[in-house]
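For the sequence shown, the residue numbers in mature numbering (1 follows the signal peptide of the UniProt record, and there is no 0) are -22 to -1, 1 to 434.
Where hints are given, some of them may not hold.
Within a straight-line C-alpha distance of at most 30 Å, the following computed BS3-like cross-link-like pairs (lysine-lysine) qualify [claimed, not checked]: (1) LYS173 to LYS184; (2) LYS307 to LYS318; (3) LYS317 to LYS307; (4) LYS420 to LYS284; (5) LYS112 to LYS154; (6) LYS153 to LYS136; (7) LYS84 to LYS99; (8) LYS154 to LYS428.
None of these hints come from the bench; they were simulated from the model.
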Amino acid sequence: MIYSRAVLTLLCLAMGLVNVSAFVQRPVLNPQSSSSKVVMSATEGFWRDMAKKTAAGVLGALALSHTLPIIPAHQALAADYNVEGSKYKMGKALNAPTGSGTRVNKDPESLLRYGLPINSKKARELQAAVEGVKSDILIKRWGAGIAGVQKARTVLGKEAELLKEVRPSAQAEGKKAIQELKDLLDPLEQILASKEGTGTVQEREKLDKAYAAQDKVARAVGALEELMVPENFAREVPEEYAGLPRLNGRATVEMVLVKGPEDEDGKFDVEGTLYDECRLVLTLDGYNAPVSAGTVMDLVDKGFYKGLTVIRSDGFVVQTGDPDPESDKVDGYTPPGSKKVRTVPLEIAVAGDPELLYGATTEDDGRGFAQTVLPFQAYGALGMARTEAEPDSASSQFFFLLFDSDLTPAGKNLLDGRYTNFGYVTEGADILKDVKEGDIIKSAKILTGKSGLVQP
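Sequences and hints are given; from them, build the entire structure.
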């Protein structure tokens, strides 16, 4: 069997071959604690525990495969596994839509498209063709890119089949969206077919134009797929959480950060490029995390985040949302007139499951390797911070994941199924590289989707 670097690292940790202190400051293990000493202690214990579990599982994989499926790094996560006598369908490999088990889909907008609650083979075929063009542009496979455009055009030629998947009330919009896609493919193909010298300024310009044109087509595919979401689709939320806000559908939020007063030049420096502000656009996903996304959106609408500081930036995550970092008594949002912090449940969308998993990790549910619909595998993935011991202890704090495929390999990282992913940063994520502790949220506002916010 071939195992991921992370699994082998955990094995080494368990066997004492690697010093655990080299890793203790990296993962999000006690995200709500403002004490680095506490975090390191909890982290070290967690890593040792996970290392032991992983070592036991790997070393006993052949004998215990019916209870602990160990998945090779080269294998796509698309199969049925028997876990302790029960059969769980994991669904298709949403984190590897290209069909390659070794590729990791790090594109947040692609992951959001795959996270839409639709069941259209033609739409997914169209999406795969268009997204494949982006990969071809990256390695300058112009001929393959043109073939991808032609494949997308072939799928669009079957307009009647696509329109069958569009909800009845959006048929006119569906026809318009299909025509727009056809129109956008022509200029993309022309750019791909142009002849430019290798390594020239003209080739650089061609690459920029090709990326921009492909992005327009990909967004148009997403718009068409959105029209395929069933009328009034909403996830069922347990009655015990009826007192919390929730988001139906998706919404976008703009969050602007500035440097804290202790920063010398007051600029964000990303590989030599200076920025006065860090402007982020967050796409909140109410399809797969309605309560978590709704809670954060509600707090944005209330102006709660304005003026709050970044309380953690350790190269692994950027975390914010603590109204009083200096206090041990308050670490979340307390509604007016209440003395208790409003808490939010752990909320996981498991691929292939019709209902969301609440109040338990996938490991607690006997499915530690179950694939999540929104994986933590894109730079700027949004996660709800919580205490390690209590799944339902999230409140207002959340983190931006600074994705590193070596530390968090897709399908095998320690965040999927343990923390709620409620969306992704879809604009400005690169600037997160220079966001530090003490930086300040200058503003936060809802851009789109406010009508989907449902108050209790």
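Would the pair LYS153 and LYS136 pass a check requiring their Cα atoms to be no farther apart than 30 Å? Holds, because 12 Å separates the two Cα atoms, which is no more than 30 Å.
Q.
LYS307 and LYS318 were given as a pair; does the straight-line alpha-carbon distance stay at or below 30 Å?
A. holds (10 Å)
Subject >> Proposed proximity, LYS428 with LYS154 (alpha carbon, max 30 Å) >> reply: holds (25 Å)
Tell me if the straight-line CA distance from LYS420 to LYS284 falls inside 30 Å. Holds, at about 6 Å.
### Task
Please work out if LYS112 and LYS154 have their alpha carbons no farther apart than 30 Å.
holds (24 Å)
**Prompt:** Is it true that the CA of LYS173 sits at most 30 Å from the CA of LYS184?
**Reply:** With a Cα-Cα distance of about 9 Å, the restraint between LYS173 and LYS184 holds, given a limit of 30 Å.
Holds or violated: are the alpha carbons of LYS317 and LYS307 at most 30 Å from each other? Answer holds: LYS317 to LYS307 is near 11 Å, not above 30 Å.
Does LYS99 lie within 30 Å of LYS84 when you go C-alpha to C-alpha?
holds (22 Å)
The structure shown violates none of the earlier numbered hints.
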